[in-house]
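Protein sequences appear in the order of chains A and B.
Position one of the first sequence corresponds to residue 35 (the working numbering), numbered consecutively onward.
Position one of the second sequence corresponds to residue 35 (the working numbering), numbered consecutively onward.
Quick caveat, the hints were computed from the structure, so don't treat them as lab data.
Among these hints, one or two may not hold up.
All copies of an identical chain are treated as equivalent in the list; a pair is satisfied when it fits inside any one copy or across any two copies.
Stated by the list, open to error - Derived DSS-like pairs: lysine-lysine, alpha-carbon spacing no greater than 27 Å straight-line: (1) LYS42 / LYS249; (2) LYS189 / LYS77; (3) LYS207 / LYS189; (4) LYS249 / LYS178; (5) LYS189 / LYS178.
Number of protein chains: 2
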Amino acid sequence: MKNVHPGKAVVLISGGLDSATTLAQATDAGYECYALSFDYGQKNRIELESAKQLALDFAVKAHRVVHLGIGQLGGSALTDPSLAVPDFDAAQTGVPLTYVPARNTIFLSVGIGWAEILEAQNLFIGVTSQDYSGYPDCREDYIKSLETMANLATKAGREGRTLHIRTPLLHLKKSETILQGTRLGVDYGKTVTCYSPDERGRACNQCDSCNYRRKGFEEAGIPDPTPYLRAANQ
Amino acid sequence: MKNVHPGKAVVLISGGLDSATTLAQATDAGYECYALSFDYGQKNRIELESAKQLALDFAVKAHRVVHLGIGQLGGSALTDPSLAVPDFDAAQTGVPLTYVPARNTIFLSVGIGWAEILEAQNLFIGVTSQDYSGYPDCREDYIKSLETMANLATKAGREGRTLHIRTPLLHLKKSETILQGTRLGVDYGKTVTCYSPDERGRACNQCDSCNYRRKGFEEAGIPDPTPYLRAANQ
Numbered sequence: 035m036k037n038v039h040p041g042k043a044v045v046l047i048s049g050g051l052d053s054a055t056t057l058a059q060a061t062d063a064g065y066e067c068y069a070l071s072f073d074y075g076q077k078n079r080i081e082l083e084s085a086k087q088l089a090l091d092f093a094v095k096a097h098r099v100v101h102l103g104i105g106q107l108g109g110s111a112l113t114d115p116s117l118a119v120p121d122f123d124a125a126q127t128g129v130p131l132t133y134v135p136a137r138n139t140i141f142l143s144v145g146i147g148w149a150e151i152l153e154a155q156n157l158f159i160g161v162t163s164q165d166y167s168g169y170p171d172c173r174e175d176y177i178k179s180l181e182t183m184a185n186l187a188t189k190a191g192r193e194g195r196t197l198h199i200r201t202p203l204l205h206l207k208k209s210e211t212i213l214q215g216t217r218l219g220v221d222y223g224k225t226v227t228c229y230s231p232d233e234r235g236r237a238c239n240q241c242d243s244c245n246y247r248r249k250g251f252e253e254a255g256i257p258d259p260t261p262y263l264r265a266a267n268q
Numbered sequence: 035m036k037n038v039h040p041g042k043a044v045v046l047i048s049g050g051l052d053s054a055t056t057l058a059q060a061t062d063a064g065y066e067c068y069a070l071s072f073d074y075g076q077k078n079r080i081e082l083e084s085a086k087q088l089a090l091d092f093a094v095k096a097h098r099v100v101h102l103g104i105g106q107l108g109g110s111a112l113t114d115p116s117l118a119v120p121d122f123d124a125a126q127t128g129v130p131l132t133y134v135p136a137r138n139t140i141f142l143s144v145g146i147g148w149a150e151i152l153e154a155q156n157l158f159i160g161v162t163s164q165d166y167s168g169y170p171d172c173r174e175d176y177i178k179s180l181e182t183m184a185n186l187a188t189k190a191g192r193e194g195r196t197l198h199i200r201t202p203l204l205h206l207k208k209s210e211t212i213l214q215g216t217r218l219g220v221d222y223g224k225t226v227t228c229y230s231p232d233e234r235g236r237a238c239n240q241c242d243s244c245n246y247r248r249k250g251f252e253e254a255g256i257p258d259p260t261p262y263l264r265a266a267n268q
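Just need the whole structure built from these sequences, with the hints factored in.
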């Protein structure tokens, strides 16, 4: 059952597979979508082009790319030029080197602010705890806690116009996400998931992110449209 | 009793009276201080010069000014060129036009990230709920909730290296803050509190912020070193 007037929603989009699917889901559910992306010094800058294309494809009401100078604080292989993005290692446990400290919290905080300005009561983020990748800020207890905080942080929340953090992918496997997105018309060939793609957006096929994505397509039984630079190691 | 080795602390400094006092308190308590400021499109840009001077005066380990492009989202008289900063109105209730949606949450989120990178377990912010100014993100329940969230958001928090959000001014009146800071050597003549100072940092003496500050000095019985552009309205 589709709710035709669920209201406004801010949707965080990176240009990757998960957030593209999330935007498709929010659009399909009838939300009036406002897309938000971040230029935070990520090496994978081509993903912002992908985000802009997605915003057009799904005819969002507005798309903002907010600059955040957090790369200068260092600490992650995704932003720090002195750290190389590691190849996939199935035996790796714990939080990976690609973890950007507090990234989702920073992104969601800006989303909370924009939602209040727009009087939107929904904030979508495509986090998933299912394909475990070791990121602490992709788990359900974190999201619940952030929602509680958000409603104390804002004028809107204090006055009872509750903000809901929506995470439709939280309990989906990558293959399930791909099946849903395909049904909703996402062109995954336009999304960039790789941590270090080339300047044309072609994927390395070696990093964690490429691995989860490739296996997702295999499991879903859907042809993988990703432009790869080379064959996988395994 | 002074704890001589309380560890590292990230201290948010705006260049205003409250955060200058907070930095003085953290320094006096023996913390190894890392100062963090934000260039977020505020009209009061002169405060960043004041922040840089404070960082030097208190010999912090490092000072970072992080650019945040949140002004483009609009919604506040402090960043939106189309909205004038209102004069002080003692009869005003509710959240004022100078409220920047989710500002403290965004600032603290970046602070959480830097604290994790530095392996600091303390994050200071000079919020106060005492001189009530209508900001929802300056209250104790909000700060507690944010602390809970922060420790679920990060690798450090998940592994038991708890981050503490320190708010030494939370229950202090402005006059008490001024008395403490004066005792600790803060030169308040160098701090900028006004919402719309001139290019030399001289204060308007009309806005909410100027009013609370001026009355604080009066109540504390300490000569007010603020360079004012004109006499107060009342």
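Hints, verified against the model:
1. For a Cα distance limit of 27 Å, the shortest separation of LYS42 from LYS249 qualifies neither inside one copy, at 34 Å, nor across copies, at 43 Å.
2. Taking CA atoms no more than 27 Å apart as the test, LYS189 paired with LYS77 passes between copies only; the shortest distance there is 22 Å, against 36 Å inside one copy.
3. In this assembly of identical chains, LYS207 and LYS189 lie within 27 Å of each other by CA distance solely across copies; the values are 23 Å between and 36 Å within a copy.
4. For the homomeric pair LYS249 and LYS178, neither the shortest alpha-carbon distance inside one copy (29 Å) nor that between copies (41 Å) is at most 27 Å.
5. In this assembly of identical chains, the alpha carbons of LYS189 and LYS178 lie at most 27 Å apart whether taken from the same copy (19 Å) or from different copies (17 Å).
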